[in-house]
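**Q** Place chain B on chain A using the hints.
Now for the letters of each chain:
Protein chains: 2
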Amino acid sequence: MAENNKITLYDLQLESGATISPFVWAIKLALGHKGFDMDVVPGGFTGIMERTGGKTERLPAIVDDGEWVLDSWLIAEYLDEKYPDRPTLIGDPSIKVSAQFIEGWLWGTAVGPWMTCYVKSYRDRSLQVDHEYVTETRARMMGGKLEDIVVGREDRLPQISANLELLRGTLRSNDWFGGEAPNYVDHRLLGCFLWLASVADTPALASDDPLRDWLDRGFDLYGGLGRHPGLSDIFGLEQRPGDPELFDHNPREFGLNKRNTGPESTRAETAAIKGEAVNA
Amino acid sequence: MAENNKITLYDLQLESGATISPFVWAIKLALGHKGFDMDVVPGGFTGIMERTGGKTERLPAIVDDGEWVLDSWLIAEYLDEKYPDRPTLIGDPSIKVSAQFIEGWLWGTAVGPWMTCYVKSYRDRSLQVDHEYVTETRARMMGGKLEDIVVGREDRLPQISANLELLRGTLRSNDWFGGEAPNYVDHRLLGCFLWLASVADTPALASDDPLRDWLDRGFDLYGGLGRHPGLSDIFGLEQRPGDPELFDHNPREFGLNKRNTGPESTRAETAAIKGEAVNA
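Protein sequences appear in the order of chains A and B.
For the first sequence, UniProt numbering gives the first residue as 1, with consecutive numbering after it.
For the second sequence, UniProt numbering gives the first residue as 1, with consecutive numbering after it.
Incorrect hints may appear among the rest.
Since the list gives no way to pick out one identical chain from another, each pair is judged satisfied if it fits inside one copy or across any two copies.
[Stated by the list, open to error] Restricting the straight-line Cα-Cα distance to at most 27 Å, the calculated cross-link-like pairs of lysine-lysine (DSSO-like) are:
#1 K258 x K55
#2 K274 x K55
#3 K120 x K145
#4 K258 x K96
#5 K96 x K34
#6 K6 x K34
#7 K258 x K82
#8 K34 x K258
#9 K145 x K274
#10 K120 x K274
#11 K274 x K258
#12 K55 x K82
#13 K55 x K6
#14 K82 x K34
#15 K55 x K34
Quick caveat, the hints were computed from the structure, so don't treat them as lab data.
One chain only, chain A, in its complex shape (with noise of 0.2 Å):
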């Protein structure tokens, strides 16, 4: 048992205090979930190795009564299996790989392109001692000069913006991924929007974007997780002349979502397949 209902979390963050991975993130949230508190371990890219003592290059890691866990799903799968008679974060072994699925939907349609939009902020916002290092690996893994890859966001931002249908299709129809509750699949996900909040310094989303509803509620989680001041406003971005739409303001009820409850239920529906007037 987590001593003094505390568990030791190994943080990766900006100059502002804030975290920047959405790993770690996710691992902040199923935390709280759990009802833990953090005994935060602070520091940034350079010096991993040396701050846990050689035993990971990458976080988040905990430290929970003396035992090291890696790796933000076996972190969670770990606090799941140690503290079942606290909430749950993985409640069937089928959440974990649909979740790999819709995480990496969101990271092909969201994070990467994001990242071409606001790669030079992360570097810019990022520790002075990891200046040098975030500047020449994401200018490896990114092939270009931070500077070069932000230009032009201005007529990324909206259509990747625009791309984010599914999940508000998804949300519309449901308080959570969790269901009635938030579960790891909301922190996961949550976890990359609170890594954009980090890094926006200029607007990803409508004001008015359906999934503001989801990310309000998610941001304020376990005692307001998500609301370091260090974070920006991700919303704020406005639909220019030529933009596409920033997100669908009629959307087509979700067909797959619908439940068939009888006749009545599906009479619109029908008519419209005939080419009928429905009768009133």
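**A** Just chain B now, kept in the frame of chain A:
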């Protein structure tokens, strides 16, 4: 308790007797998963209200000991609730939310685009009595004559296949969406591919597609429900000069699915990030 272990299923069929609806396919798999035999009521699009005594305009519908249950999600939930001691379909509320997301992705990425390739065959293979209904409703829904809609499909099929990489990535590191055994997420997605097999008059996927392992195991489930002789082979698509790769032959290791078990597990990646040679 279902008498004689049998549940009545109202089917939606083609002339061959194969099921056309992906939602009916999902329920056939779900009934197999729960260990039930099926008393299949045959029929197509025409006369559903008459066959079901006015109970529904849509299928699937089941009757279990005189109780009618409609809707492919509500039926699955009913089966878990009524028969909790049989294998579980939906082990956590989060699974339904995630499945709606993933199924929405598959419809947008493949089922919809495939419909523009196969709608003529969809009509031609339907029951004779359904031809006029299918021709008229699908022309209205898709905005053109069925013969015109399928024109150029040989140029679309390779890209649809290429676009399935996210699904391949998930199934490279997991046997089933259910984890070690299939669950209703697999049934939903397999239902889409069984729909594909019911209408594919030309192949949709390469013979060596990495999805084939999961699909073959899925079609074999529960005594080979997906091996109806009316189904077509969906494999055999060939890449022509100028076509995109039908699937990624050299996928980058899917970073989100890798686990950090210590410095040894990340050493090669770290060297690549830093642009260093790895010491063997």
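**Q** Between K120 and K145, at a C-alpha cutoff of 27 Å, which is it: within one copy, between copies, both, or neither?
**A** Result: close within a single copy only, 9 Å intra versus 51 Å inter.
**Q** Between copies, within a copy, both or neither: which fits K274 and K55 at Cα up to 27 Å?
**A** The answer is between: 19 Å across copies meets 27 Å, while 65 Å in one copy does not.
**Q** Give the relationship of K258 and K82 under a CA distance limit of 27 Å: within one copy only, between copies only, both, or neither.
**A** Result: close only across copies, 22 Å inter versus 39 Å intra.
**Q** For K34 and K258, with the copy left unspecified, which applies at a CA distance of at most 27 Å: within, between, both, or neither?
**A** Between copies only: 24 Å across chains, 33 Å inside a chain, cut-off 27 Å.
**Q** How would you label the pair K274, K258 (within, between, both, or neither) given a Cα cut-off of 27 Å?
**A** within (19 Å within a copy, 50 Å between copies)
**Q** Between K82 and K34, at a C-alpha cutoff of 27 Å, which is it: within one copy, between copies, both, or neither?
**A** Answer is within: at 11 Å inside a copy they meet the 27 Å cutoff, but 32 Å across does not.
**Q** Is it within, between, both, or neither for K258 and K96, if the alpha carbons may be no more than 27 Å apart?
**A** Answer is both: 25 Å inside a copy and 13 Å across each meet the 27 Å cutoff.
**Q** Is it within, between, both, or neither for K120 and K274, if the alpha carbons may be no more than 27 Å apart?
**A** between (54 Å within a copy, 18 Å between copies)
**Q** One pair to classify: K6 and K34, alpha carbons no more than 27 Å apart. Within, between, both, or neither?
**A** within (11 Å within a copy, 43 Å between copies)
**Q** Is it within, between, both, or neither for K55 and K6, if the alpha carbons may be no more than 27 Å apart?
**A** within (20 Å within a copy, 57 Å between copies)
**Q** For K258 vs K55, is the C-alpha pair at or below 27 Å within one copy, between two copies, both, or neither?
**A** between (49 Å within a copy, 17 Å between copies)
**Q** At most 27 Å between alpha carbons: which applies to K145 and K274, within, between, both or neither?
**A** between (57 Å within a copy, 15 Å between copies)
In this structure, none of the earlier numbered hints is contradicted; all agree with it.
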